[in-house]
Amino acid sequence: VSNISWYESLISLAKVRTYASNIEANPCFQILRRSLEIVARENGGTLTDCVTDFRGQTTACDLAVAIPAFPRGVGLRVDRNTGQVTFLYDQYGGYEQIARKITEEVTQNYVSIALISAMKSLGYKVEEETNRQQETVRLVGCI
Amino acid sequence: LKRIRAEIGVTGKLCLEFVGFAGEECEEERERLREILVGLGVMLRPEQIKKKPTTQILEEIEASNENPLKPSQRRQQHARAR
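Just so you know, the sequences run in chain order A and B. Position 20 (the first sequence) corresponds to 20 in this note's numbering; numbering is contiguous. Position 19 (the second sequence) corresponds to 19 in this note's numbering; numbering is contiguous.
Do not rely on the hints blindly, as some may be mistaken.
To be verified - Below, a list of computed lysine-lysine pairs in the DSBU-like style, where the Cα atoms sit at most 35 Å apart:
1. 50/B - 125/A
2. 51/B - 120/A
3. 15/A - 50/B
4. 51/B - 15/A
5. 51/B - 101/A
6. 13/B - 120/A
7. 120/A - 101/A
8. 15/A - 13/B
9. 125/A - 51/B
10. 101/A - 52/B
11. 101/A - 15/A
What the hints contain is simulated information worked out from the structure, not anything from laboratory work.
Given these sequences and hints, build the entire structure.
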């Protein structure tokens, strides 16, 4: 019967071994990139491939986003065996909140993009509504 | 007309509401959605699943203009839902 359900979402890229030699071709990685692009666009930032720590030392990542409010950037690394996604950033010096906000926005964008794609593949017509006040994304799929 | 309403919170917490589904349809659709999401890299860890009251389910189904079922079939649906 119809029901309402609540879930915790975890991002873990599928088929990582299949795409091990070229992770950028993995459809999940493309969703990840789009999720970061949205964060960059909405915050006046840019996509990069490294993050910087408070000393100015850089660390390479699979993807990273740097915004004016946090130019050190938040990076992502994908485990090539499990697909698990890890966020990298240096929050030293009072950047905990902004760094966490970026990771949350990336996660929210990823789940939203994946859900739209999943509902469409089941034949649903999907409409999106962003609730800025509650900072939630609402989707309605009709079939 | 069937609907899936979804709300994605700031931390990625997901709330799914299935509207207009009868009997086993809802569980089947939820499982299909879950499988596709896993393939797209989203693992869902259930926190709470709440069954809607039968009266609400019936109202939702009846409210659908495109429900092709005859009244007798709807009653059967109702019985299955219970």
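Restraint check for residue 51/B with residue 101/A, where alpha carbons must lie at most 35 Å apart: Holds, because 33 Å separates the two Cα atoms, which is no more than 35 Å.
Need the status of pair residue 101/A, residue 52/B: alpha-carbon distance at most 35 Å? Satisfied, since the Cα-Cα distance of roughly 34 Å is no more than 35 Å.
Measure nothing beyond the straight line between the CA atoms of residue 120/A and residue 101/A; if it is 35 Å or shorter, mark the hint as holding. holds (28 Å)
Does residue 50/B pair with residue 125/A here, judged by a C-alpha cut-off of 35 Å? Satisfied, since the Cα-Cα distance of roughly 25 Å is no more than 35 Å.
CA of residue 15/A to CA of residue 50/B, is that 35 Å or under? holds (32 Å)
Given the proposed pairing of residue 125/A with residue 51/B, does the C-alpha separation stay at or below 35 Å? holds (24 Å)
Hinted pair, alpha-carbon criterion (35 Å max): residue 51/B, residue 15/A. Please report holds or violated. holds (34 Å)
Run the distance test for residue 13/B versus residue 120/A: straight-line Cα separation, threshold 35 Å. holds (20 Å)
Decide if the proposed pair is consistent with the structure: residue 101/A and residue 15/A, CA atoms, cutoff 35 Å inclusive. holds (28 Å)
Would you check the hint for residue 15/A and residue 13/B, treating anything up to 35 Å between C-alpha atoms as holding? holds (23 Å)
Are residue 51/B and residue 120/A close enough, with their CA atoms no more than 35 Å apart? Given pair residue 51/B, residue 120/A holds - Cα atoms ~25 Å apart, limit 35 Å.
When each numbered hint is compared with the structure, no violation occurs for any of them.
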